[in-house]
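There are 2 protein chains.
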Amino acid sequence: MRDFERLEVQLSFIKEVDRIKSIFRKSKLFSAERHENDAEHSWHIALMAIILQEYAGRPIDISRVVTMLLIHDIVEIDTGDTIIYKKGHGHVEAEEKAARRIFGILPDEQADYFIDLWREFEARESNDARYAAAIDRIQPCLQNMHRGGETWREHGIKPQQVIEVNSQIGEGAPDLWKYVKRELDTLFE
Amino acid sequence: MRDFERLEVQLSFIKEVDRIKSIFRKSKLFSAERHENDAEHSWHIALMAIILQEYAGRPIDISRVVTMLLIHDIVEIDTGDTIIYKKGHGHVEAEEKAARRIFGILPDEQADYFIDLWREFEARESNDARYAAAIDRIQPCLQNMHRGGETWREHGIKPQQVIEVNSQIGEGAPDLWKYVKRELDTLFE
Chain A
16 MRDFERLEVQ LSFIKEVDRI KSIFRKSKLF SAERHENDAE HSWHIALMAI
66 ILQEYAGRPI DISRVVTMLL IHDIVEIDTG DTIIYKKGHG HVEAEEKAAR
116 RIFGILPDEQ ADYFIDLWRE FEARESNDAR YAAAIDRIQP CLQNMHRGGE
166 TWREHGIKPQ QVIEVNSQIG EGAPDLWKYV KRELDTLFE
Chain S
16 MRDFERLEVQ LSFIKEVDRI KSIFRKSKLF SAERHENDAE HSWHIALMAI
66 ILQEYAGRPI DISRVVTMLL IHDIVEIDTG DTIIYKKGHG HVEAEEKAAR
116 RIFGILPDEQ ADYFIDLWRE FEARESNDAR YAAAIDRIQP CLQNMHRGGE
166 TWREHGIKPQ QVIEVNSQIG EGAPDLWKYV KRELDTLFE
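If you read the sequences in order, they're chains A and S. Numbers in the numbering used here are just positions in the first sequence, counted from 1, shifted up by 15. Numbers in the numbering used here are just positions in the second sequence, counted from 1, shifted up by 15.
Treat the hints loosely; a few may be bogus.
Identical chains share a label here; the pair holds if one copy fits it or two copies do between them.
Claimed, not checked - With a Cα cut of at most 20 Å, we get these calculated EDC-like pairs of lysine to aspartate or glutamate:
#	residue 1	residue 2
1	K196	E124
2	K193	D18
3	K196	E179
4	K43	D127
5	K30	E204
6	K196	D18
Just so you know, these hints were derived from the structure itself, not from any lab.
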């Protein structure tokens with residue numbers, strides 16, 4: 016490695032993804048009255064996945080789950096944050112294009128690895144993806160419950176929609192969904 | 016798990032560590048003119064550790080490295096961010112106390128696991144810790160180089176100190192240090 020060409024390509028990617036620190040989400044922090052950005056969210060759920068792995072409904076590879084969660088929102092550099100209750104079909108295509116552009120900055124075999132892993136996360140068909148998606152869902156849900164459902168009210172999301180969309184938590188982490196469901200029922204009473 | 020007591024303890028920890036999103040560092044983002052917080056930094060270096068693992072000087076367990084990096088700055092909730100060039104002995108004791116308080120929120124066996132992992136990172140004696148520390152060092156160094164050494168000038172850090180402190184990168188990732196050293200030499204010319 017005399018000329019660091021490969022490393023410089025990897026560093027271009029590392030600098031490009033820095034931009035998720037400026038993609039702000041709909042939900043607010045637990046600890047401060049401001050919206051959360053995608054880097055903070057990704058850090059938090061990667062750690063949550065480790066702490067809560069005992070609740071995964073099926074055997075998982077925690078290392079793959081954490082990697083999925085670290086990269087899952089990178090596409091939003093191009094597409095922006097969209098509230099999950101309002102995602103349409105055009106959105107899926109835009110995210111696919113973003114994944115190809117952004118991960119495509121990396122050396123070929125790393126680009127392929129991350130695009131595949133991101134698609135696996137989006138498809139929610141493997142155990143790893145289902146558990147990762149459950150953790151990605153439970154964090155904003157807990158944030159929202161922590162603030163009495165503020166963001167849902169602001170965006171006109173009805174209790175029934177909240178329960179429907181978040182029931183996806185149960186696919187990857189059944190006991191976590193039981194807990195969240197109980198808390199939502201109390202909140203919406 | 017009828018009463019979710021253990022889960023609620025784990026969620027207390029997850030909410031407590033949210034506060035690292037308000038611990039701002041000395042260095043600024045690559046992509047925007049503002050300081051970076053510890054959650055953003057931790058996300059970035061966890062991902063960098065994965066992307067750059069081929070440069071680890073010795074065999075590493077990337078899953079342990081990533082976990083180390085996700086938790087390494089949590090102690091700063093109690094101690095605040097200290098520029099690496101000015102860390103003293105009292106600081107080490109304060110961090111140890113913070114680790115015991117914050118990870119101590121978790122169920123015992125998880126608390127023990129994370130305190131041990133955090134101490135391993137700080138000690139920089141294992142292959143995993145040396146590589147993790149190299150990645151933790153290289154990120155602010157790249158950010159600073161990206162801005163022509165701005166933060167170092169602001170804090171009166173001399174080129175010789177920059178090279179001395181960052182040469183630690185070479186312990187965990189020799190080729191990354193060769194690259195950084197070349198870039199620093201050009202910058203300080």
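Verification of the hints:
Taking the closest pair of Cα atoms, K196 and E124 never come within 20 Å of each other, the shortest separation being 41 Å inside a single copy and 27 Å across copies. Only between protomers do K193 and D18 lie at most 20 Å apart by alpha-carbon distance; the minimum there is 11 Å, versus 55 Å within a single protomer. In this assembly of identical chains, the alpha carbons of K196 and E179 lie at most 20 Å apart only when taken from the same copy (10 Å versus 54 Å across copies). With identical chains, the CA atoms of K43 and D127 are never at most 20 Å apart, being 33 Å at best within one copy and 30 Å at best between copies.
In this assembly of identical chains, K30 and E204 lie within 20 Å of each other by CA distance neither inside one copy nor across copies; the values are 46 Å within and 24 Å between. For a Cα distance limit of 20 Å, the shortest separation of K196 from D18 across copies, 13 Å, qualifies, whereas the shortest one inside one copy, 55 Å, does not.
Checked against the numbered hints listed earlier, the structure breaks hints 1, 4 and 5; every other hint is satisfied.
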